[in-house]
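Protein chains in written order, with UniProt numbering: chain A, 1 to 445; chain B, 1 to 547.
Quick caveat, the hints were computed from the structure, so don't treat them as lab data. Even glycine gets a Cβ: it sits at the ideal position worked out from N, Cα and C. Certain hints may be false.
As the list claims (entries may be wrong) - So the derived list for chain B, only partly shown, Cβ under 8 Å to chain A, looks like this:
1. Asn-27
2. Pro-28
3. Ile-85
4. Gln-134
5. Ile-168
6. Gln-209
7. Ile-211
8. Ser-227
9. Phe-230
10. Tyr-324
11. Ser-453
12. Ile-456
13. Tyr-461
14. Gly-466
15. Thr-543
16. Ile-547
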Amino acid sequence: MAFLTKEEAKKIIDKVLSYSKADEMEVSIFGGRTGNIRYARNTVNTSGETNEIRLSVSSVYGKKVGSSSTNELDDASLKKVVARAEEIAMLAPENPEYMPMLGPQTYPDAMTFSPATDKINPDFRAQLASDSIEITSTGDLTAAGYLEDFSGFVASGNSKGQFGYNTSTSVDFSVTVRTNDGKGSGYAIRDFNDVNLLSAKDVTSIAMQKAQASATAQAIEPGKYTVILEPTAAGDLLSLLTRGFDARSADEGRSFMSKKGGGTRLGEKLFDERVTITSDPTNSEIPLSPWDSDGLPRVKTTWVENGVVKNLAYSRYWAEKQGVAPLASVGGRGFGGGGYIFSGGDESIADMIKSTERGVLVTRFWYIRAVDPQTLLFTGLTRDGTFYIENGQIKFPVKNFRFNESPIIMLNNIESMGKPQRVGGSLIPPMKIRDFTFTSLSDAV
Amino acid sequence: MKRRDFIHLSGMGLGALATSGLVMMGNPVSAEQLLEPGMDRAAKKVLADIALNAARSKGATYTDVRIGRYLSQNLFTREKNVQNISNSETFGVGIRVIANGTWGFSATSDVSPDGIKTCAETAVAIAKANSKLQTEPVVLAPEKGHGEVTWNTPIVTNPMEVPVKEKIDLLLQANNAAMENGAAFVNSAMFMINEQKYFASTDGSYIDQDIHRIYPTFSVTAVNKASGGFRSRQALSTPMGMGYEYLDCKDKDRILNPAGFISYNNSYDIVEDAISAAKQAKEKITAKSVEPGKYDLVLDPDHLGLTIHESVGHPLELDRVLGYEANYAGTSFATLDKWKAGDFKYGSDIVNIFADKTQDYSLGKTGYDDEGVKCKEWDLIKDGVLVNYQAIRDQVGILGGNESNGCAFADSWSSVQFQRMANVSLRPGKEKLGPADMIKDVEKGIYILGRGSFSIDQQRYNFQFGGTVFYEIKDGEIAGMLEDVAYQSNTQEFWNSCSQICDKDDYRFMGTFNDGKGQPSQSSAVSHGSSTTRFDGVNVINTGRNI
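Bound-form chain A, shown alone (with noise of 0.2 Å):
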């Protein structure tokens, strides 16, 4: 039962719906399994299954809106959970940002759903887990490792007509091999809709290799350095800039995007005229659901375009205040969520290294924290692998650094860029940055 067609689905939403005494109501159903194991120490310590299906009524009277939802689907308890609904609705202070709800909708097919990933079952992960202890136990290494995986679908439905509905899967998986002598650790993380497209072995021989390469870190001077950092390291650090794309905070003068004087920074040209960005529902590596969290349809969107912001994301209720077209965002709302494209170039990070004088690579970043949202710095460090290099040579480790940086001022700091690949659900590439700021070293392994 937690799994519903969309004919399955559709009817119930209609029977829901045909209960309604309010102005307006909105039924959604989500219903899936999420699976997890989670290993250390080359041992199993956790893992679970959460098998599950809500029915959720929103209803309107005017701008109030009451919220109900059940875990059970007959009929008595379909009729209890939208006079709940209606009952909190009636009682609920008026919301003037309330915005109507949307008539129906065309949205584009999405290609969420992967049924290999959907027959995952706890043998499946039990084997996962298995294969990445067992080659890195033979090392003298250690193991420490998470997969969760998800299958469902979501349905919704309103009092004005609309309907969509969609299947979705996902795997996330990472894994830390530390050195037995605790001096070196390395770190490999992928997600996929796909599960066919993960190999544990090889995630973990990713984690290995850092973890043996990095045993042996040596100290050098903090201060602004050439980084080249590794997709999940760029990634760490985009997706903190993808955020600030939104209309809204900007327009009310409390964004990056915000601009002197009143209005926003659409049009400017912010970045490197190398930066693209777009997100695109159909992408097939990183496909998104068919709507947004205000049910707008998602639709191909150019961000930013050779280094000029090209659009921000305006919520219904903005783009009604402000007089303009709304235009979806592309994570949840809150959510980084992925779903973004920067658009990369052609050189491969060996290439990359080659032509580096003196500078630093860059596994991953951790502990990210906004320092000013102004000027969207943050701080951090690195952490599962930091090499030196000098004349075109990884020569050794490093030490961890703290950085201050801002991902603005990082791409107009651009050297060259590689071949995008996945990273938590955006299109990100290896990138080689100048003047990268490492304000202290860490002694953390």
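Based on the hints, put chain B in the right spot on chain A.
Chain B only, in chain A's frame:
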């Protein structure tokens, strides 16, 4: 897309209501339903015994059962508007067993005799399946059964009983006060939690607990559109293990701090603080940018709590030390060899840090932890020396001990309990000293209040902390507001630079409502007590940039 993000998109037209990216994980209910009594205690005992017997009959050598009803009410406002009111309830059972020397866990929302029996059997089956990869059997520190006992957070007023309108009116009053005093924007919120937890185990414990927490907060933003500048000032409230009485501010809890405005102890005036916040947010836009260098820092308890949390609380979690968190939060510099040596100087001689789940009003205070251990207090750092960790029943044997510290916690019936941070607090100084007198002796320093940006490495050596408001100290006097301040240090170096701690009269809590740990991530709440404390010669950087 992960489950959480996916669910978020399931409500298509009402995204605007999903404030701050918060996803309500329970079922939405009416405010009245939050006051309905949960399942009768006797009925829970019957169901718990079904689970204990079912697991035992399948071969479990130990079982614990947690029947939990978790209620929350969250209110969100912005300027004059109510953005969201969410009430949620979640009810179910989590069953943890040891079979073949291995843990197994299963949870269900089907709290019926059949549902519970099946769930217990599943937990045993999972334990047996995982035992194939187990290298050492789980060994539990003994814990005597407590029989049938109850414990309640000692609240005066259940926040859920206060009408929603009254709470919303208070938030809107605070927003209005901020706007009248020059704020451009203000978001305010109130979070209220009630955990009704029933625990039973094969040790013979049947523990019924009713736990409350509350957190009112806001963020006030001032904007200067002409210069393109904006600054925010967060509330100086802190989450507490209290009822609604936290918002009834007593005069004894108002503290005029050396910067000349009011800080708070065990009760809070949100309207008064919103006025200070609006004035300070405006002042921050034009405040002097800090000259980088070495400064003596005078840290207010509402700021120092987070530094304690990150640089002492987390590194002294035994599961981190052992490597169980290696793939996520990381491990710890405070390795077992440092502890065994018995002379590892974590801090200066005056640094005494203890853990507990017993202090009144603290977020960590409960009668028993989530594996039935009576809560207590114990030392982590004594006279500057590392003396202990935070450990639970299956870990404490590694330290040669036979008594759990009582700090296991699960954030829901559906989550498995594991070692979580207790309250971790700095003992006050023994000699009479207040913050104003402390500042008098500082030549070149910065007085920091409130939490700000915080970042620390995965073994907890190197950290960088900001704050909410900063004041320059020059020759023993407060010399005005500073901006762009962050201090960077190394945990051991920092705590060894601790030179003065104010006395017990200045002892206050800072808390964190949502401390994340584990995969899948679980959230817990914990308080940190301290008095205003001085650290000498700390490296301060300037975080200002031009873009």
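How the hints compare with the structure:
Taking 8 Å as the C-beta cut-off, the interface hint given for B:Asn-27 holds, the closest approach to chain A being about 5 Å. Given hint, B:Pro-28 at the interface with chain A, holds; its Cβ is 5 Å from that chain's nearest Cβ, closer than 8 Å. Because the beta carbon of B:Ile-85 sits about 7 Å from the nearest beta carbon in chain A, less than 8 Å, this interface hint is met. Satisfaction of the interface hint for B:Gln-134 is found here, the shortest Cβ-Cβ separation to chain A being roughly 6 Å, below the 8 Å cut-off.
With 8 Å as the threshold, the beta carbon of B:Ile-168 comes within range of chain A, its nearest partner Cβ sitting at about 7 Å, so the hint holds. A hinted interface residue such as B:Gln-209 counts as satisfied when its beta carbon comes closer than 8 Å to some beta carbon of chain A; here the least separation is about 24 Å, so the hint is violated. A distance limit of 8 Å between C-beta atoms decides the matter here; for B:Ile-211 the minimum to chain A is near 24 Å, and the interface restraint is violated. At its closest, the beta carbon of B:Ser-227 sits 7 Å from a beta carbon of chain A; the interface hint therefore holds under the 8 Å criterion.
For B:Phe-230, the interface hint holds, since its Cβ comes within 8 Å of a Cβ in chain A; the closest pair sits about 5 Å apart. Against a cut-off of 8 Å between C-beta atoms, the interface hint on B:Tyr-324 holds, since the closest Cβ of chain A lies about 5 Å away. With its C-beta approaching chain A no nearer than about 5 Å, B:Ser-453 sits inside the 8 Å limit, and its interface hint holds. Annotation: interface hint on B:Ile-456 holds; nearest CB of chain A at approximately 6 Å, less than 8 Å.
This hint holds: B:Tyr-461 has a C-beta 5 Å from the nearest C-beta of chain A, less than the 8 Å allowed. Interface hint at B:Gly-466: satisfied, since its Cβ lies 6 Å from the closest Cβ of chain A, which is below the 8 Å cut-off. About 5 Å separates the beta-carbon of B:Thr-543 from the nearest beta-carbon of chain A, less than 8 Å, and the hint is met. Hint status for B:Ile-547 relative to chain A: holds, with the closest Cβ pair at about 5 Å, below 8 Å.
In summary, the structure is inconsistent with hints 6, 7 from the numbered list given earlier, while agreeing with the others.
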